[in-house]
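Heads up: the sequence shown at position 148 corresponds to 148 in the numbering used here, and the numbers run straight through without jumps.
Derived from the structure by calculation, the hints contain no laboratory data.
Virtual Cβ for every residue (Gly too), placed ideally from N, Cα, C.
Among the hints, erroneous ones may be present.
[Stated by the list, open to error] Taking lysine to any residue and the SDA-like style, the derived pairs with C-alpha atoms no more than 25 Å apart in a straight line are:
(1) Lys161 with Asn71
(2) Lys161 with Ser145
(3) Lys126 with Ser165
(4) Lys138 with Asp9
[Claimed, not checked] Label pairs and their computed distance ranges (CB to CB):
(5) Glu157 with Ser134: 36 to 46 Å
(6) Met14 with Ser145: 38 to 48 Å
(7) Gln135 with Gly74: 14 to 24 Å
(8) Thr122 with Ser93: 13 to 23 Å
(9) Glu150 with Met1: 16 to 26 Å
(10) Met14 with Arg79: 17 to 27 Å
(11) Leu158 with Ala109: 19 to 29 Å
(12) His139 with Asp113: 16 to 26 Å
(13) Lys131 with Gly74: 10 to 20 Å
(14) Arg115 with Lys138: 37 to 47 Å
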Amino acid sequence: MTQNEELMDLFHKMSAMTRRMPPPPPHGFEGHPPMHGDCPPPPPPHGFEGHPPMHDNHPPHRAGRLLTILNEEGSMNQRKLAEMLDIRPQSLSEVIAMFEADGLIVREANSEDRREFLVSLTEAGKETAVKIDSQRKKHADEFFSALTEEEKAKFLELLKKIVDSHSEKL
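Sequences are here, hints too, so could you generate the full structure?
Printed below as a string of C-alpha cells:
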C-alpha cells in the first residue's frame with residue numbers, strides 16, 4: 001500500500017470513527033444552546049433496493065475495499081473480513097449479498113469447518129477489484145498531491161495517532 005493509499009485509508013477510518021461517536025446533546029454542549037437552530041432531517045440514502053449508497057456508480061469505500069482485500073488475500077471467512085474492514089458483521093453481510101447478487105463474489109462452505117462460509121471473488125469480481133484498486137490509487141495520489149513527501153509522512157503520523165487514541169475508546 002502506498003503512502004497516499006494509507007493516508008486515504010486512515011482518513012476514512014477517522015471519518016467512520018466520528019460517525020460512531022455518540023451524538024451531541026440536543027441543546028448543544030454543556031447547556032449551551034444549539035449553534036444552528038433546528039436542522040432539517042438528513043436526506044434519504046441514495047442507494048437502491050437496500051443497496052449501500054453509490055457515488056458516481058462506485059461502491060462505498062468499505063464495499064470497494066472488500067473486493068480489493070479478497071483480491072489481495074484470497075478467500076476468507078466473514079468474521080475475518082469484518083475485522084479487516086472494521087465494520088459490523090451485519091453490515092458486511094448486506095454488502096456481500098449485494099455483490100453476490102451482482103455476480104462479483106461467491107460464498108462457499110469451508111471444507112475444514114462446515115459451520116462457516118468462505119467468501120471468494122468470481123472472475124468478474126477480480127476484474128472489478130483491479131479497477132477499484134486502480135481508481136483508489138489514482139484518487140489517493142490526486143487527493144494528496146498538494147502535500148510534499150515530508151508533509152505526507154507527518155500527516156500520516158498524526159492521523160495514526162488520532163485513530164489509535166480513539167479506537168481504544170470505541
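Results for each hint:
| no. | hint | result |
| --- | --- | --- |
| 1 | Lys161 with Asn71 | violated, 29 Å |
| 2 | Lys161 with Ser145 | holds, 22 Å |
| 3 | Lys126 with Ser165 | violated, 35 Å |
| 4 | Lys138 with Asp9 | holds, 13 Å |
| 5 | Glu157 with Ser134: 36 to 46 Å | violated, 27 Å |
| 6 | Met14 with Ser145: 38 to 48 Å | violated, 20 Å |
| 7 | Gln135 with Gly74: 14 to 24 Å | holds, 22 Å |
| 8 | Thr122 with Ser93: 13 to 23 Å | holds, 18 Å |
| 9 | Glu150 with Met1: 16 to 26 Å | holds, 19 Å |
| 10 | Met14 with Arg79: 17 to 27 Å | holds, 24 Å |
| 11 | Leu158 with Ala109: 19 to 29 Å | violated, 44 Å |
| 12 | His139 with Asp113: 16 to 26 Å | violated, 38 Å |
| 13 | Lys131 with Gly74: 10 to 20 Å | holds, 19 Å |
| 14 | Arg115 with Lys138: 37 to 47 Å | holds, 41 Å |
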